[in-house]
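Novice: The listed protein sequences derive, respectively, from chains U and E. Residue numbering for the first sequence follows my numbering, beginning at 1 and increasing consecutively. Residue numbering for the second sequence follows my numbering, beginning at 1 and increasing consecutively.
Check before you lean on any hint, since a few could be wrong.
To be verified - Selected chain U positions facing chain E (Cβ under 10 angstroms, derived; list incomplete): (1) V146; (2) A150; (3) L167; (4) P171; (5) G184.
It should be emphasised that the hints constitute simulated quantities derived from the structure, not laboratory data. Glycine is no exception: its CB is placed at the ideal position from the N, C-alpha and C atoms.
Chain by chain, the residues:
2 protein chains.
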Amino acid sequence: MTDATTDTAGTVDTAGTVHVEGRILEPGRPGGTGEGPEAADILASTRKLVDPELRRAIETLPGSLRRVALYHFGWEYADGTPAAGSAGKAIRPALVLTAARALGGDPAGAVRAAAAVELVHNFTLLHDDVMDRDTTRRHRPTAWTVFGDADAILTGDALQALAQRMLAEDPHPGAPAAAARLAGCVMELCAGQHADCALERRGPDEVTLDECLATAEAKTGALLGCACALGAVYAGAELDEVDSLDGFGREAGLAFQLIDDVIGIWGDPHRTGKPAGADLAARKKSLPVVAALASGTPAAAELAELYDRPPGGTESAPEHAARAALAVERAGGRDWAQAHAADRMSRAIGQLAVAVPDPEAAGGLLALAEFVTRRTY
Amino acid sequence: MTDATTDTAGTVDTAGTVHVEGRILEPGRPGGTGEGPEAADILASTRKLVDPELRRAIETLPGSLRRVALYHFGWEYADGTPAAGSAGKAIRPALVLTAARALGGDPAGAVRAAAAVELVHNFTLLHDDVMDRDTTRRHRPTAWTVFGDADAILTGDALQALAQRMLAEDPHPGAPAAAARLAGCVMELCAGQHADCALERRGPDEVTLDECLATAEAKTGALLGCACALGAVYAGAELDEVDSLDGFGREAGLAFQLIDDVIGIWGDPHRTGKPAGADLAARKKSLPVVAALASGTPAAAELAELYDRPPGGTESAPEHAARAALAVERAGGRDWAQAHAADRMSRAIGQLAVAVPDPEAAGGLLALAEFVTRRTY
Numbered sequence: 001m002t003d004a005t006t007d008t009a010g011t012v013d014t015a016g017t018v019h020v021e022g023r024i025l026e027p028g029r030p031g032g033t034g035e036g037p038e039a040a041d042i043l044a045s046t047r048k049l050v051d052p053e054l055r056r057a058i059e060t061l062p063g064s065l066r067r068v069a070l071y072h073f074g075w076e077y078a079d080g081t082p083a084a085g086s087a088g089k090a091i092r093p094a095l096v097l098t099a100a101r102a103l104g105g106d107p108a109g110a111v112r113a114a115a116a117v118e119l120v121h122n123f124t125l126l127h128d129d130v131m132d133r134d135t136t137r138r139h140r141p142t143a144w145t146v147f148g149d150a151d152a153i154l155t156g157d158a159l160q161a162l163a164q165r166m167l168a169e170d171p172h173p174g175a176p177a178a179a180a181r182l183a184g185c186v187m188e189l190c191a192g193q194h195a196d197c198a199l200e201r202r203g204p205d206e207v208t209l210d211e212c213l214a215t216a217e218a219k220t221g222a223l224l225g226c227a228c229a230l231g232a233v234y235a236g237a238e239l240d241e242v243d244s245l246d247g248f249g250r251e252a253g254l255a256f257q258l259i260d261d262v263i264g265i266w267g268d269p270h271r272t273g274k275p276a277g278a279d280l281a282a283r284k285k286s287l288p289v290v291a292a293l294a295s296g297t298p299a300a301a302e303l304a305e306l307y308d309r310p311p312g313g314t315e316s317a318p319e320h321a322a323r324a325a326l327a328v329e330r331a332g333g334r335d336w337a338q339a340h341a342a343d344r345m346s347r348a349i350g351q352l353a354v355a356v357p358d359p360e361a362a363g364g365l366l367a368l369a370e371f372v373t374r375r376t377y
Numbered sequence: 001m002t003d004a005t006t007d008t009a010g011t012v013d014t015a016g017t018v019h020v021e022g023r024i025l026e027p028g029r030p031g032g033t034g035e036g037p038e039a040a041d042i043l044a045s046t047r048k049l050v051d052p053e054l055r056r057a058i059e060t061l062p063g064s065l066r067r068v069a070l071y072h073f074g075w076e077y078a079d080g081t082p083a084a085g086s087a088g089k090a091i092r093p094a095l096v097l098t099a100a101r102a103l104g105g106d107p108a109g110a111v112r113a114a115a116a117v118e119l120v121h122n123f124t125l126l127h128d129d130v131m132d133r134d135t136t137r138r139h140r141p142t143a144w145t146v147f148g149d150a151d152a153i154l155t156g157d158a159l160q161a162l163a164q165r166m167l168a169e170d171p172h173p174g175a176p177a178a179a180a181r182l183a184g185c186v187m188e189l190c191a192g193q194h195a196d197c198a199l200e201r202r203g204p205d206e207v208t209l210d211e212c213l214a215t216a217e218a219k220t221g222a223l224l225g226c227a228c229a230l231g232a233v234y235a236g237a238e239l240d241e242v243d244s245l246d247g248f249g250r251e252a253g254l255a256f257q258l259i260d261d262v263i264g265i266w267g268d269p270h271r272t273g274k275p276a277g278a279d280l281a282a283r284k285k286s287l288p289v290v291a292a293l294a295s296g297t298p299a300a301a302e303l304a305e306l307y308d309r310p311p312g313g314t315e316s317a318p319e320h321a322a323r324a325a326l327a328v329e330r331a332g333g334r335d336w337a338q339a340h341a342a343d344r345m346s347r348a349i350g351q352l353a354v355a356v357p358d359p360e361a362a363g364g365l366l367a368l369a370e371f372v373t374r375r376t377y
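Could you put together the complete structure from these sequences and hints?
Specialist: Shown next, in the form of structure tokens:
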């Protein structure tokens, strides 16, 4: 489980470069095919198409909630003055549009579906931050810390409704199926967040890696899968193609979560927007940590002891986090996470090949999947 | 404003019987037409049609959230054993089905819309109870007190999604318009709850009656209006008929809220399921209270002084509540609320007559509207 070199799907070298099935995915390089669209271009053109739709939708919210939403999206400061902040990387809407294109659809026709997915994503962020008491998101104080729990909950509720209204008002023939699929996904996201909260309440030795992977699939994989599926639905794809694209997004989503967890421990705070070692200081049972705890190594025992220690002892928080990070690494948690991310990417590519056999048509989705798993940190 | 005898639309006598435009609405008697369906029969047959659909839908929730939902609906105890509790009076689904029938539609064809409205209602109850820290609902501890804030929030989120999935999967030609209307209504409900929280944070002298009425319309009237509108949409009605029925439900909803507020002060705790005087003990700015405070009477000054007093003084809570209730009554708050409820009922009947000119066809909706405003207490 902690062997990073013999994974069936891929390996990760010491520089953090992911090797998948003989292809080398390096940071800053185009997707594995060596040609095709750059993920950065796809994301930029997605923002250009989807942002106006998103902003138009948010402008229709009642004033009190619109203010919270505009703050959360980074478009306004807390006092209501305009801000030029970033509302995230638009990976989910990019997956919708790119999946539509990959299956022969018109991406411009799927803009509302893309915006709806982004609204759902942000509704869950608003609510999760309340439940998890997370104080920082996208380098800024979370909405509940600024406006209070009630306004963050209500704005999340309204964003979910806005997403569904957008699809209900879309005359596209795929809209009802997309709305049903998105609603089903919300239920899975809620179950994932519930499982995550439950895992966090349990002791480090009472949590299995399988449980954590299932939770990550529901909490993160489900919406990336749904984004791809919605693109396929809007392209008029058959149900089995839609389901394969859902599988592609889910597997890529798990790879994304694994890398995100790695970044959560060893990432640069200036890039992550969170304090260094915040996940470890909060005793978060992220995937590398749980893999490390399950490794049966002496470092695992040290990590368990560090996690059992309540915060606020004689050791400073950064010292504690640094020791915990070293223990996770020595127990093989970092290597396992990177190898498992490569494994999931390999499975994702397999699902993609089923739905979109033509490598050229699949290039955009592949570039996006690789982008999220080769983020530099 | 506090004159209970000269209201343009109706009067309330000392026995609490509401007189609307010459017709007398007495507790326990059929609706004002003297014939037509009994509200109790409509509610019972609604439960029979809609409950199986609701339960089927809730069974599809992920296990962790299903348990919270089944508890909230009164169908299970907290430990998961079956309970025969009541999931409320089904007024909203009854309005959907009865509106569909009134406009010549088949009520059986609108069952999903009725269930969707009831799911949305319960989603907002789950979330509002968290925000308001309300501990009792339908004679039982609220879900958040049993399962925690996170599970109550997540179950509410999932119920909203379930409502939308139900409409998205409904092949009825009215389903997309109904879904859009229901989503828009959720946004209004959220704005109403936001306004309500904001009003509760302000001092008793900083709140106007108009603000409170607008808040009650958004928080309560909107969903009753939406229920009627969805029935009309499912009957294939024209937009102006749909809007008139929305107006009917809104006005009846405000009448309902006014009577509910009266019951919240003078109601029998065995019937309301809340401790006597709980609204007054919590210094709640309900409509009769705000009307009383605005009356300029000596009793208003006494009430303001009682509301300014922090809870937990030398006086017991029941003593304080009893004095406050008397002050509201002396300041005319009770009479005003009953007269204004009659006024709203009169406006509701006016809107109903526009959409459904045939009194026989309108009988069911009228009976339901009168039922909610002649609840005994």
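Novice: Given A150 (chain U) was flagged as interface, is its beta-carbon under 10 angstroms from a beta-carbon of chain E?
Specialist: holds, 4 angstroms
Novice: Can the hint on L167 (chain U) be confirmed by a CB-to-CB distance to chain E that is less than 10 angstroms?
Specialist: The hint holds - L167 (chain U) has a Cβ within 10 angstroms of chain E, the shortest such distance being about 8 angstroms.
Novice: Against chain E, is P171 (chain U) within 10 angstroms by beta-carbon distance?
Specialist: Holds - the Cβ of P171 (chain U) comes within 10 angstroms of chain E, reaching about 9 angstroms at its closest.
Novice: Would you check whether V146 (chain U) satisfies its interface hint, that is, whether its CB is within less than 10 angstroms of any CB in chain E?
Specialist: Given a least distance of 15 angstroms, the restraint on V146 (chain U) is violated.
Novice: With 10 angstroms as the cut and Cβ atoms as the points, is G184 (chain U) at the interface with chain E?
Specialist: Status holds, d = 6 angstroms.
Hint 1 from the list above is the single one not met by this structure.
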